[in-house]
Amino acid sequence: MKKIFQRPESLKQEPFRYCPGCGHSLIHRLIAECIDELGIRERVIGIAPVGCAVFAYDYFNFDILEVAHGRPPAAATGLKRTLPDRVIFSYQGDGDLAAIGTAEIIHAANRGEDITVFFINNTTYGMTGGQMAPTTLIGQKTATSPLGRDPKTAGFPLRMAELLATIEGASYIARVSVDSYRNLIDAKKAVLKAFRYQMEQKGFSLVEILSPCPVDWKLSPKESQIRIQNEIIPIYPLGTFKDAYQESTL
Amino acid sequence: MKKKILMRGNEAIAEAAIQAGCRFYAGYPITPQNEIPEYLSWRMPEVEGTFIQAESELAAINMVYGASAAGSRAMTSSSSPGISLKQETISFLAAAELPAVIVNMQRGGPGLGNISGSQADYFQAVKGGGHGDYKTLVYAPYSVQELWDLTLRSFDKADEYRNPVLILGDGIIGQMMEPFYPNPYRKPDLPEKDWALDGCKGRAPRVIKSLYMGDGELEMRNIVLQTKYAEMKKREVMADRYYLDDAEIVVVAFGIAARIALSSVLRLRREGLKVGLFRPVTLFPFPAQELFAIAGEHIRFLTIEMNAGQMVEDVRLSVNGKSQVLFHGRPGGSLLTPEEVEEKIRQVCCSHPHPVRAALNRWDA
Ligand SMILES: Cc1ncc(C[n+]2csc(CCOP(=O)(O)OP(=O)(O)O)c2C)c(N)n1
Ligand code: SF4
Ligand SMILES: [Mg+2]
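Those sequence lines, one after another, are chains C and Y.
When you number the first sequence by our numbering, it's gap-free, plus one each residue, and the end is 250.
When you number the second sequence by our numbering, it's gap-free, plus one each residue, and the end is 615.
Hints are computed from structural coordinates only; laboratory data are not their basis.
Please note that a few of the clues may not be correct.
As a list, the in silico DMTMM-like pairs of lysine to aspartate or glutamate whose alpha-carbon atoms are at most 20 Å apart [stated by the list, open to error]:
hint, chain 1, residue 1, chain 2, residue 2
1, Y, Lys377, Y, Glu347
2, Y, Lys443, C, Asp85
3, Y, Lys451, C, Glu42
Derived DEER-like restraints, expressed as beta-carbon distance ranges [stated by the list, open to error]:
hint, chain 1, residue 1, chain 2, residue 2, range
4, Y, Asp383, C, Ala143, 27 to 35 Å
5, C, Asn110, Y, Glu481, 38 to 46 Å
6, Y, Trp292, C, Gln201, 18 to 26 Å
7, C, Ile138, Y, Gly583, 42 to 50 Å
8, Y, Glu481, C, Thr128, 30 to 38 Å
9, C, Gln6, Y, Met470, 29 to 37 Å
Every residue, glycine too, gets a C-beta built ideally from N, C-alpha and C.
Could you build the full structure based on these sequences and the hints that come with them?
Encoded structure:
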């Protein structure tokens, strides 16, 4: 009988300990499947961020480097320049990438580093208990915006994919979501494409992934999916924001 | 045949790094160490290494962190304000047991201070600097020759102990041009980097990390690190001694202050004063036992530093009450002169060695 569902080789035999309905479990699996499909597990080096996904090293079945909060793009640069034929990716939350690590991501993109970044936007700081992130929506209540994010004092949701797409050095920038099966299919295409760009030495690729954090959103997993569809995607539209090697349609 | 060459201190460090097999450098411009990145910006490509001008010192040291994790010999350099920024990842390097060489060509502080030489980062260098119980090996070169030799040594020691090594220089020594012997690098037998990340082909996946959340895990990790630091204390202490055999006054100074103090000591020796110089070459590990061995009722110590009094605390701890320990320093923003050191030594000579009287005579309080 044909096996239709099996654990990707790129995941260890370890049950996920993320909260029920958490996007990280789904995205780990997605990335692992893509790595298996591309046959690159033995030459991948992943970077675990500071955030809920710091525990990525418990789950991914390949080499992992844990890096200080926000600094993965710099460490990825060091890894990649030392080992140009390995596939280097960083996995970063919105606090990690869009707040404390803003400088590192912009300059890695601008140098056109041949690395791949997965940017997990869950509009909050999951690990530290649901505080406001740069990506938090206007009016969203968090542990540090109890009355809802007020742009007058706390600024606006930061659209990193759009921002990074303006950088000349970046090659592929897309935003996807894991709220539905349909969007998961697109997400997988984007992850594969981002890895392929690196494998073909096409330069910097980043996939922003809208991801549920039911615990800090104080919603059920199902309600979290609906929130992504109704509230988050309208502010963070899905799509490809930059594709430097897109085939000419002429 | 051995021939001397002439080079600026900063450039000697850069070339020595290349000779020692360093193939990755990332840094951010700051005076007075700019000759290091400038030199390596053309020299690294010649040896197919990587040079990156990073967007900040934070990024630079994290690039080094990544390169080191991949098994490369890697270095970054900066000066005081930039070293403050690097502290976060120096702690991470120590925790993850990753080798790296970090150069601090100290300038005057606090804050932006000025760009002249200083020794005010002693505490930061030897007492931690970043968070957590960790140590870096700290070398304090006092000549261009030593900048060369200790840079070669730093890369070996970083690999041997899998630990960051700090070269604590200063603006004067970095800018100084001096002839020296470019001693060839001979790589010692070092274990394979069987911990480096290079893809898990044919082996189990590796993880390099510093988070330990399991019951008792972190304490175990800390004990491993402390055992390593204890080993460094046993095996890595380096110090130089000048005219100590019959010395009644022992000047203690490191780096550029030692260089200045040595000329004062030489002059006073010619006058017949029984004065000598003790120069720690490693600041961590500190030559505590060596100082204790010299100490005694009839010996007085005079610590000379280009700061407001930092290493003197370690000298006092080392001597442990066996001798009187006096201090003279010039804080950031000024230059110590051989004349003033000479003057201070004379004052110590003339002051009464009895502790109570001496306390009354002390100028540093
Ligand atoms: C230098 C530093 N500052 C703050 C923290 C505390 N901290 C840990 S995770 C985190 C934010 C995590 O949020 P995010 O990156 O969005 O990841 P998530 O947990 O949401 O996946 C913060 C602020 C830290 N570990 N280090
Ligand atoms: S707090 Fe949020 S991001 Fe973190 S594991 Fe739980 S659901 Fe996931
Ligand atoms: Mg988050």
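- Task: Provide an ascending list of the numbers of those earlier hints which the structure does not satisfy.
- Result: none
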